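K.L.:
Taken in sequence, the protein lines are chains A, B and C.
Positions 1 to 300 (our numbering) are the ones given, in order, by the first sequence.
Positions 1 to 275 (our numbering) are the ones given, in order, by the second sequence.
Positions 1 to 387 (our numbering) are the ones given, in order, by the third sequence.
Simulated from the structure, these hints should not be mistaken for laboratory data.
All of these numbers come straight from a predicted model, not from anything done at the bench.
Among the hints, erroneous ones may be present.
In the DSS-like style, the derived pairs of lysine-lysine whose C-alpha atoms are separated by at most 30 Å in a straight line are [as the list claims (entries may be wrong)]:
#1 B:K177 - A:K7
#2 A:K6 - B:K45
#3 A:K5 - C:K67
#4 A:K177 - A:K277
#5 B:K177 - A:K277
For the chain A half of the interface with chain B, some residues (derived, Cβ under 10 Å), not all of them [unchecked claim]:
#6 E10
#7 V32
#8 L164
If you want the footprint, here are the derived chain B segments under chain A, 3+ residues with CB under 8 Å [stated by the list, open to error]:
#9 43 to 54
#10 145 to 156
In this text, a Cβ means the ideal position worked out from N, Cα and C, and glycines have one as well.
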Amino acid sequence: MTDSKKKWQEFFGTLPSLLWLTVFFVIPTFIVLKFAFHAKSPDGGVAPGLTLETWRTISNPNYPEIIWRTVWISAVTTLICVLLSLPCAYCIARMQKKWRAFVAGLIMLPFWTSFIVRVFAWRTLLNPEGFLQQVLIWLGFADQNTMLNYNAGAVLLVSVYSFLPFAIMPIYTAAEKFDFSLLEAARDLGARSFFAFRKIFLPGVKRGVISAILMVFIPAIGSYVIPDLVGGTDELIGNKIYQRTFGDRNWPHASALATLTAFSVLIPLGCVAWWMKRQDEKEARRLAEATARRLSGGTA
Amino acid sequence: MKHSKFAIIVLVLVLLFLYLPIFIMVGDSFNADKYCGKWLGFTFKWYGALFSHSNRNIWMAFERSIIIAITATLSSCILGTSAALAIHKWKGRLQTFHYSLIYTPLVMPEILMGISLLMLFTAIGLNCGMWTIWIAHTTFCVSYVTMTILARLQDFDDRILEAAYDLGASPWTAFFKVQLPVLMPGIIAGGLLAFTLSIDDFVITFFVTGPGSDTLPLQVYSMIKHSKQLPVINALSTLMIVFTCALVFLSRIVSSYKKKGRSLTQLRTDIKGVK
Amino acid sequence: MANEFLVFDHVTKRFGALTAVNDVSFSVNKGEFFSLLGPSGCGKTTLLRMLGGFERPDSGRIYLNGKDITDDPPNMRRVHTVFQNYALFPTMTVWDNIAFSLRIAKKPKEEIEEDVDQILEMIRMTDHAWKYPSQLSGGQKQRVAIARALVDRPQVLLLDEPLAALDLKLRQHMLLELDAIHDQVGITFMYVTHDQGEAMSLSDRIAVMNGGKVEQLDKPTQIYEAPRSSFVAAFIGDTNFFDGEIVSTEGDYCTINVYGFAQISAYNDKKLSVGQKVHLSVRPEKIRVTLAPPPPEKGAGINVFQCTVSDIIYQGVYTKYWVKSSDRSISALRPHSRFLLDQESITWNDKAYCWWHPDDGYMVENFSEEDASLIHPSPPAQKPKGE
């Protein structure tokens, strides 16, 4: 095959998806970025001429509070999800093969049902009249006036519920490939089980944990439905974007908030990528040092 | 260590946690109480209401959801397959860029894609409706489909393509007779993923929907928001869960039947041998 | 010429700065079992891929049956390949795999069935016709890959290290089977391998390749007994090199003064004269190691040296000895046989004699130190030499 023919083939093979994503992903993203530097026009659109006005209004105390709330709820959600996922993934990965597939399926099954419906189910469940409150009253943890719904706590709970399988699955996939005889070896050498878990299992499923963090943190940051249905006045950034888009049609504001959201994802993502690269380098260096030591020890 | 008690307890609690709201919902769908509070007795009336004329909106939304999910699945499968093949086949700067373009939507919050598409459609003066929902769904499904097929392609041995050329096949024949059948499970898996993502999507659809083109999740959302007929939503959800479980069960049967199908061809040889 | 069935004419292929195949010319006869033998990276696979049509030579032509096929795409050549990892189509049954090329050629249905069933019988796989490749063992996959490539009677069958993935026993079995198949179909086989044993036992002729060039093209016995270069001598089997210069000649024989060792007499088949530098290769199996000096009736004029046994490796079929004689390490092989008289047991540090007949040395023309380092002039430090 000649080179120019190859080039044309590559061009036509790449064109459809490249074009589609350029038109419907790259260009829209830049439109959002650009709108954040415009002023609002009276008809609900965007006025011509660049300005920093939007960014000035966004730095008023109201917005930083919402952004801060979004970030901490997302971070705590991620942390709880990962902490719950580790023992679950460990447990499933150690089961017999037929049981593994069954339990993994059991975990994924609720998530083949509608997301909206699941959030709604929680709303019902957290109602003052709902099942959970009745149980808590019966146990003596709550009374009729306790408000389970419509606060940051409810948002956190439902977020953990919604994103938990996305944390279990990648960690489980990593755990499945983990060589469990390493744990037995560690125990054999006298390590206590928690120590073995922390020093051997955890590094073994590191990649799975990282992708679990991403798979929970990213949707949590942009979450709209959960705070909208169970959050009450404790709004997250997603609600604000929606209000600015449709409620008062302040598109520059909405764009600026969306840009902020994007950065609050991209910055941690960049950190993770950098950290992983450093870890790899560290590992390589450690390996090289160990090899060098062994070689020099061998000749001595 | 082999069976850590702590881990098992956590797993059982997590499973309970995951199924608790679903059980409550199924129970409430048979609860006579209009506000889904206390148990006021067993009833089928919410199921009756679900199929009544006054709730035909739900079924129209359901129909739209299915149409969009099927078309978006098809279009994202075509785009995703060609993208995965290109990324797999050629290395170089163009494909590095191509790959990052496919990957980035996966790490972007959905709401960002929703608002950016809305602004694009408004900027070019496209009225929001079924078409814009289809475009949006295809856009976010392409990345998932491509990733699924790429994973499958990693195990693909390029030498079987060379073997096909070697035995006289043209590039087209080799692609359709050899490569596509090998990739088919990956394409189907990607397609299934795209279908479930599309039919369940709320946030992006919420931004790009137009008058009279609400999908099922949007319809359900507006019913929740207006606290209208909450038990009917429970009834609908229960039916959806039953439907999902039946589908999973059915796919199991089909796959086991397929295995039997293999032994049927075996039978053919046996008969041939006897003859 | 009638028997020049397949011709490589000054073929060169470069990958960037690397010249994989460097101006190679040779021809293969019709129906021949021809092997390309060499270490990995010697260009043998590139040569095969150019013949298969997967690579285009930068210069030179390839002719098949008088026709220039250099620019034909792979699907237009009557040349089929058996790939190293078999490359069977995983979604097709054995039967469909084999029928693939016939269906592409749009043969009538009855003919396809007849041909496929016939070749299935030949490879004794009729019972496995409806299995999928994943359900087959390595040897079965191998046979299917061969049948698939042979079924539409190509003009040349290319085999790219077809036995490399099989274990030793199966490899020996498949060697016999390949030989039988070749005899049965009479198609030209072009066999690529890095395993000298495979090439030796199967081939009519072997081309030994190194660094993109053909070092020697000859019958297996010639390649082994009369290696033209130090590379061939060292790559095919094991050998001892003695470097020195001729100090006297006497009829067909000459005496060589080996630097830092001793004087050796050797057969002077190249009629070299006094003063010329030579590199003598003596295969380990031609050297005897005994505790007693050789009996006189073994003939006068043989080379005998006193030595110390420095290492012994028992390898089942034979035992390998490394002996030291005036600071030179010499390797020797001895097959096991209980009934020979000279089977005294020899152990480490024994004082012994090593000896060989002058006819068993062979003077190598093209010598390079690099090639000589390929062989083990002294016993390996720890592990015994691999297969």
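K.L.:
If a hint holds in the structure, say so; if it does not, say that too.
P.N.:
So, going through the hints one by one against the coordinates:
1. Only pairs whose Cα atoms come within 30 Å are accepted, and K177 of chain B paired with K7 of chain A is accepted, the gap being roughly 24 Å.
2. In summary, the hint linking K6 of chain A to K45 of chain B is not supported, as the alpha carbons are separated by about 65 Å, beyond the 30 Å threshold.
3. For the proposed pair K5 of chain A and K67 of chain C, the alpha carbon gap of about 26 Å is at most 30 Å, so the pair holds.
4. Taken as a hint, the K177 of chain A and K277 of chain A pair is honoured in the structure, with Cα atoms around 22 Å apart against an allowance of 30 Å.
5. In summary, the hint linking K177 of chain B to K277 of chain A is not supported, as the alpha carbons are separated by about 41 Å, beyond the 30 Å threshold.
6. For E10 of chain A, the interface hint holds, the least distance from its beta-carbon to any beta-carbon of chain B being 5 Å, beneath 10 Å.
7. Using the Cβ-Cβ criterion of 10 Å, the hint placing V32 of chain A at the interface with chain B is satisfied: the shortest such distance is roughly 5 Å.
8. For L164 of chain A, the shortest C-beta to C-beta distance to chain B is roughly 7 Å, which falls under 10 Å, so the interface hint holds.
9. For the segment 43 to 54 of chain B, the assignment as covered by chain A is violated, since 0 residues bring a beta-carbon within under 8 Å of that chain's beta-carbons and 3 are needed.
10. Residues of the segment 145 to 156 of chain B with a Cβ under 8 Å from some Cβ of chain A number 1, which does not satisfy the need for three, so the listed coverage is violated.
When the structure is compared with the earlier hints, violations turn up for hints 2, 5, 9 and 10 and for no others.
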